[in-house]
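Asks: Sequence:
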Amino acid sequence: MTAGVDLGVPATQTIRSDEDVVRVRQLVRTTAVAVKLSLVDQTKLVTAASELARNTLIYGGGGTAEVTTVEDGRRRGVRIVFADQGPGIPDLDQALTDGFTTGGGLGLGLSGARRLVDDFDIWTAVGEGTRITITKWSR
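Quick note on this note's numbering: the sequence shown kicks off at 124 and runs consecutively.
Since the hints were derived computationally from the structure, they do not count as laboratory data.
Here are the computed distance ranges between Cβ atoms for each label pair:
| hint | residue 1 | residue 2 | range |
| --- | --- | --- | --- |
| 1 | Ser-161 | Pro-133 | 18 to 28 Å |
| 2 | Ala-248 | Leu-162 | 32 to 42 Å |
| 3 | Arg-198 | Arg-139 | 29 to 39 Å |
| 4 | Gly-235 | Val-145 | 14 to 24 Å |
| 5 | Pro-210 | Ser-173 | 18 to 28 Å |
| 6 | Val-249 | Thr-153 | 28 to 38 Å |
| 7 | Asp-214 | Thr-153 | 33 to 43 Å |
| 8 | Thr-170 | Gln-217 | 19 to 29 Å |
| 9 | Arg-262 | Gly-184 | 34 to 44 Å |
| 10 | Asp-195 | Ser-234 | 22 to 32 Å |
| 11 | Asp-214 | Glu-194 | 28 to 38 Å |
Just so you know, these numbers come straight off a predicted model, no measurement behind them.
Glycine included, every Cβ here is placed at the ideal spot set by N, Cα and C.
Let the sequences and hints guide you as you build the complete structure.
Replies: Written out as structure tokens, the structure reads:
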């Protein structure tokens, strides 16, 4: 993951309901506009965040999304940390494979989100939860 300097106090959104997933999308969109991401990059980031927020709710049993603006000297970006204390992901390699699903969907969740952002980092432990950090940088 590319290092960055936090530019502001993170905004944290609890994820406990579908309405909270919508709030995460709105917070991410507002932050992406503030750091002047292009419309295409805003859309990519909001799409990835929506998928990861939904996963936090459905598979993690709820959790948080922490949205922060960051800078690496040349550019600004948005970093989002999704965290839950759910069951964790037993086979991370399999979960990151296109087409893999445990929920009957298209299986593009984690792998799709990873492709939409510039930096993607995941930590998970069975019985302890999952923490996913994504960053989208301005061009």
